[in-house]
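Asker: In order, the protein sequence lines correspond to chains A and B. Residue 132 in our numbering sits at position 12 of the first sequence, with consecutive numbering throughout. Residue 296 in our numbering sits at position 176 of the second sequence, with consecutive numbering throughout.
Be a bit skeptical, because a hint or two may be false.
Among the chain B residues that face chain A by a calculated CB cut under 10 Å, a handful are [as the list claims (entries may be wrong)]:
1) Leu332
2) Met416
3) Glu419
Pair ranges (Cβ atoms, derived) [as the list claims (entries may be wrong)]:
4) A/Asn369 x B/His156: 43 to 51 Å
5) A/Glu160 x B/Met387: 46 to 54 Å
6) B/Pro390 x A/Gln299: 44 to 52 Å
Calculated from the structure, these hints are not laboratory results. Ideal Cβ positions, reconstructed from N, Cα and C, are used throughout, including at glycine.
Number of protein chains: 2
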Amino acid sequence: MSQRPLTYAIIGSGALGGYYGARLLHGGAEVHFLLHSDYEHVAKHGLVVESTQHDDITLPDVHAYRAVSDMPCCDVVIVGLKSTSNALLAELLPGVVKDDGCVLTLQNGLGPEDEAAAVVGAEKVLGGLCFLCSNRVGPGHIKQDRFDHIKLGEFGKRGISERMKAIASDFEAGGVRVQLAEDLPAARWEKLVWNVPYNGLAAVLGVDCSVLMQRVEPLVADLMFEVVSAARAVVRHTIPTSFVETMLNNTRNMDAYKPSMMIDREMGRPMEIEAIYGEPVRRAEAAGCAVPKMRMLYEQLKVLDASQQS
Amino acid sequence: MSQRPLTYAIIGSGALGGYYGARLLHGGAEVHFLLHSDYEHVAKHGLVVESTQHDDITLPDVHAYRAVSDMPCCDVVIVGLKSTSNALLAELLPGVVKDDGCVLTLQNGLGPEDEAAAVVGAEKVLGGLCFLCSNRVGPGHIKQDRFDHIKLGEFGKRGISERMKAIASDFEAGGVRVQLAEDLPAARWEKLVWNVPYNGLAAVLGVDCSVLMQRVEPLVADLMFEVVSAARAVVRHTIPTSFVETMLNNTRNMDAYKPSMMIDREMGRPMEIEAIYGEPVRRAEAAGCAVPKMRMLYEQLKVLDASQQS
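Between the sequences and the hints, there should be enough to build the whole structure, so can you do that?
Answerer: Written out as structure tokens, the structure is:
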């Protein structure tokens, strides 16, 4: 990777990509934003980020693009799309990554890094888990609340690389805490312990996390333990029972939180079913680990998604 | 039981109880109807039953009651309530069953006979499985379509009794085909092979049976096989795989059929969750038979029901 300062391309500058791009830019990095519906507005007026834990930031002048063909090649290409749009990666990534650059997928679930790797090669890919609450509240206008930290890791190899440190340092200059993960797959499976029960059940049943905890905590816990078994079978990672307990306790104390998949369903938007369910279920079953409740939730979500998109 | 002709009390004269009571009356039996919302209308104008497979029947003059205390004791007391109202049985049954009479529960799922037995004693109880499509289309006005046959059995003992034959003969005089079951629990579990997958999935996902067959047939089949395993564990009854195949094939050919639980959810009415899920799941688990998908569907339905009734 080139000398610092690094240059960044943000592919998908919504509530997530837009937020982290703005933080990087605020920290002094050179950032190029690919935009879709907000392009006109952002090209003219820039980005505004409101926050409950940082100072608000106003970035009146940003590099905004409507097409990747107009963007310069960058050191770090951040994928901020929803995973349901990953079929576009083959078209979006190749022209915008420097020869010695890398792609950082900031997406949910399993599979995003593999999809990026299929386009640019595994050695160019990193993954990041985002613990972020943010919403697009208007064109180029994002509101962030509570969390925004990232857990960052290399795809296809263990350990902590120089480029991980360099990227982390740019995020931190913008105020985002970054944790370096030696084992990205293990970290991804740990995140699924939360995502698998709450996203799917909330979307299927139309109730928020606090209602799930009141009414079906044993089912939530069963799903968490299926994820624990699958992580062991698929990536030989032992998630401690205390981690499951912590997830349950933390969520018990969240008031009326709606997971992203529930909001997606309410808004009639595609849900990230393959990344959070399809891919984990297939990998678990291929490793000989039965995950009947995850499998059932996966099948149910596909029916809802098909009803919604038809 | 007394000499023929037998006298009948219908406890719950809705789309089901009203239909079968009308058929018995049409066949020449003496029938007494307990009514709730339709009492005024039926006391004045009687019952009308339209049918696609029989001649329509008009019964201008019926014995209608608003309270069991006004009803005579009868030979056969038919419970036509939904199982969600079974807490009322303790109050409804005792005064209306002759000393040598019996109670026939025409309800879904598992548990109704036990609930009646707790009130009148096991030796007085029979159960019937109804294969009926009927709707209340107005006060005292029922429309029946396609099926209406009944499978009848003794509760708590095997074999075919004289009273089963006598009751069957009265139904048949009214045009309803009755099959005599030597083993009622086995028949109840067989009926669950259909009820468990379709009712719950259709209610949770808001799609009819044809959509379920198109999109999640493997999940439907998994649930059916959980019922098969549970029947083996709980009542030592082996349901052949060919039976499962027949259920799947028959349903594949039903166009856009909505199971009763889906209609109940659409109408905001209580769903028969305990009889179709709670009781079978508890009995299976108590017999050491894991039924993870039935259990999950049961938990999901309770959440939906609680959201709906709150």
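Asker: Look at each hint and say if it fits the structure.
Answerer: Each hint tested on the structure:
1. For B/Leu332, the interface hint holds, the least distance from its beta-carbon to any beta-carbon of chain A being 8 Å, beneath 10 Å.
2. For B/Met416, the interface hint holds, the least distance from its beta-carbon to any beta-carbon of chain A being 5 Å, beneath 10 Å.
3. Look at B/Glu419: its Cβ gets to within about 4 Å of chain A, closer than 10 Å, so that hint holds up.
4. A beta carbon spacing of about 47 Å between A/Asn369 and B/His156 agrees with the range 43 to 51 Å that was offered as a hint.
5. Our hint of 46 to 54 Å for A/Glu160 and B/Met387 holds, since their Cβ atoms are close to 48 Å apart.
6. Separated by about 48 Å at the C-beta atoms, B/Pro390 and A/Gln299 satisfy the suggested range of 44 to 52 Å.
In this structure, every one of the numbered hints holds.
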